[in-house]
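S.K.: Here is how the chains run, residue by residue.
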Amino acid sequence: MILDAFVQLGQMMVVLALAPLLAGYVRKLKALLLGRKGPPLLQPYRDLLRLLRKEVVLAHSASWLFRVAPYLIFAATWVAAALVPTFATGLLFSYAADMIAIVALLGSARFMLALAGLDVGTSFGGIGSSREMMIASLAEPAMLMVVFTVALLAGSTQLSTIAAFMQGPGVGLRVSLAMALVALVMVALAENARIPVDNPATHLELTMVHEAMILEYSGRHLAMIELASFVKLLLYLSVIGCVFAPWGIAVSGQGLAAYLGGLAAYAGKLAVGGFLLAVFETAIAKMRVFRVSDFLGAALMLGVLATLLLFVSRIA
Amino acid sequence: MIAPLALDVAHLFAGGLVLVSFMLLYQDRMTGLINTFALHALVVSLSVAWQAYIQHAPHLYITAAIALGIKAVVIPIALHRIIRRLGIHRTIEPVVGIGLTMLAGIGLIALSIMVMLPITAQAGTLAREDLSFALSVILLGLLMMISRRNAVSQVVGFMSIENGLILAATGAKGMPLVVEISVAFSILVALIVIGIFLFRIRERFETVDIHLLHEHRGEQP
Chain A
8 MILDAFVQLG
18 QMMVVLALAP
28 LLAGYVRKLK
38 ALLLGRKGPP
48 LLQPYRDLLR
58 LLRKEVVLAH
68 SASWLFRVAP
78 YLIFAATWVA
88 AALVPTFATG
98 LLFSYAADMI
108 AIVALLGSAR
118 FMLALAGLDV
128 GTSFGGIGSS
138 REMMIASLAE
148 PAMLMVVFTV
158 ALLAGSTQLS
168 TIAAFMQGPG
178 VGLRVSLAMA
188 LVALVMVALA
198 ENARIPVDNP
208 ATHLELTMVH
218 EAMILEYSGR
228 HLAMIELASF
238 VKLLLYLSVI
248 GCVFAPWGIA
258 VSGQGLAAYL
268 GGLAAYAGKL
278 AVGGFLLAVF
288 ETAIAKMRVF
298 RVSDFLGAAL
308 MLGVLATLLL
318 FVSRIA
Chain B
3 MIAPLALDVA
13 HLFAGGLVLV
23 SFMLLYQDRM
33 TGLINTFALH
43 ALVVSLSVAW
53 QAYIQHAPHL
63 YITAAIALGI
73 KAVVIPIALH
83 RIIRRLGIHR
93 TIEPVVGIGL
103 TMLAGIGLIA
113 LSIMVMLPIT
123 AQAGTLARED
133 LSFALSVILL
143 GLLMMISRRN
153 AVSQVVGFMS
163 IENGLILAAT
173 GAKGMPLVVE
183 ISVAFSILVA
193 LIVIGIFLFR
203 IRERFETVDI
213 HLLHEHRGEQ
223 P
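Protein sequence lines, in the order shown, are assigned to chains A and B. In this text, residue positions in the first sequence follow our numbering: the first is 8, and each later residue adds one. In this text, residue positions in the second sequence follow our numbering: the first is 3, and each later residue adds one.
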């Protein structure tokens, strides 16, 4: 129990410490792929520190909701990230919440963000909020279908149980899992406002979604929201790593070496995932906003198909 | 008893075929449609070859080779030439109600699984999944034929139905080789006949949009 608590604490700290580094790593790789030098790896940390020191500028029409929302968004995202086994299973919180709880936490974070976008009453924030909700209305069911597929296979919605099942011999080669992986990657791209859906590198574009909602934020509020979006990217990569590449995750009570090995494996997974993300984003163009529903509809379709195909497959 | 891995690979190919059927449903460019159809035929021939391997039925290799040679190479090339001669290789066919079509497709797959599983309760796992996937592919092909207006995409839908039939035939043991060969060649003949018809339709109406045929018959569009 004490050990579980320590692992949980360590996990939360690791997630928080690595998230800006991952964002900086992806930015650096993208710049290198485009033949530029790019900002240093640690630039996101510096940005966050600078924002924290800066004064907060509030619009006249901003209500209490506008001031509270960044902290709620960050808290919900951080708790969701704390539920994903990154380098070790047997987390203290994992007995209380499962994958569906993670989806729900991310959903409430998105709800707060959309409310904050509407709160000030600028037209840009409204556009961003409505688009975010349009994306979410398709991305969330797709994510849930992925969860159902994996949970039907593993017999549990607990991520640690799923990770243990995926390492076992009962998995085999399954077409449903491949479809679920593709669907999850598509949902992750949409949820993190990555390129085919939204462009994370611009601030002034009529098609932007995430940036439009947080346009009115400044200072420590902006820092919280930025950090939350870094953590969210890390969370999705961790979920993909935990479910589809669970090798090297330390199991509770294996000793310090296993935990260090788990950390190294986790860092490796993040490096590979970030590299693939950067290559994908460099290779592909952003799609029109009205095509996004087709993109996410395909993800939803893949998720439903993956669940349906499970019914005629071999029972594990 | 078949080894789990062999079953998984068979499931992979059959499920992949259903997925490619879905991809056929939302292709709006002619060349993309034909290339996806070639992929469809490739997956079906891989699936048949795998069935030949795990069932120890060497004559199925011939079926796979026919599927690969005729439907993955000859027919796509012929269709590419047809659309090039018709001058429609750059046209984008508006796929109406893509979301609705997808939902209908999902419903059809659920239907075929729900129909097939109780019927084939006595059969082996391999036959069960093959039959339900084959029925899905056939129903998706029919859906494609009724949801498209262009005659060429209807031809592609027709060919994908035939791929589903091959999948069903290989799942159920004991289909004679003669039948399969004759089916494959009748498909080839059908392609030639359809190809001639396409040109006839175009000569007559200067388009291959079949809605004009309805008008010609005196139906209200």
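Calculated from the structure, these hints are not laboratory results. The reader is advised that the hints may include incorrect statements.
Stated by the list, open to error - 25 Å max Cα-Cα, derived SDA-like pairs, lysine to any residue:
| hint | chain 1 | residue 1 | chain 2 | residue 2 |
| --- | --- | --- | --- | --- |
| 1 | A | Lys-293 | B | Ile-100 |
| 2 | A | Lys-44 | A | Asp-54 |
| 3 | A | Lys-293 | B | Gly-99 |
| 4 | A | Lys-35 | A | Val-192 |
| 5 | A | Lys-293 | B | Ala-74 |
S.K.: Is the straight-line distance between the alpha-carbon of Lys-293/A and that of Ile-100/B 25 Å or less?
M.R.: 21 Å, holds
S.K.: Holds or violated: are the alpha carbons of Lys-293/A and Gly-99/B at most 25 Å from each other?
M.R.: 23 Å, holds
S.K.: Are Lys-293/A and Ala-74/B close enough, with their CA atoms no more than 25 Å apart?
M.R.: Answer violated: Lys-293/A to Ala-74/B is near 32 Å, above 25 Å.
S.K.: With the threshold set at 25 Å, check whether the alpha-carbon distance from Lys-44/A to Asp-54/A stays at or below it.
M.R.: 18 Å, holds
S.K.: Holds or violated: Lys-35/A and Val-192/A, Cα atoms, limit 25 Å.
M.R.: With Cα atoms ~21 Å apart, Lys-35/A and Val-192/A stay inside 25 Å; holds.
In the structure shown, a violation is registered for the earlier hint numbered 5 alone.
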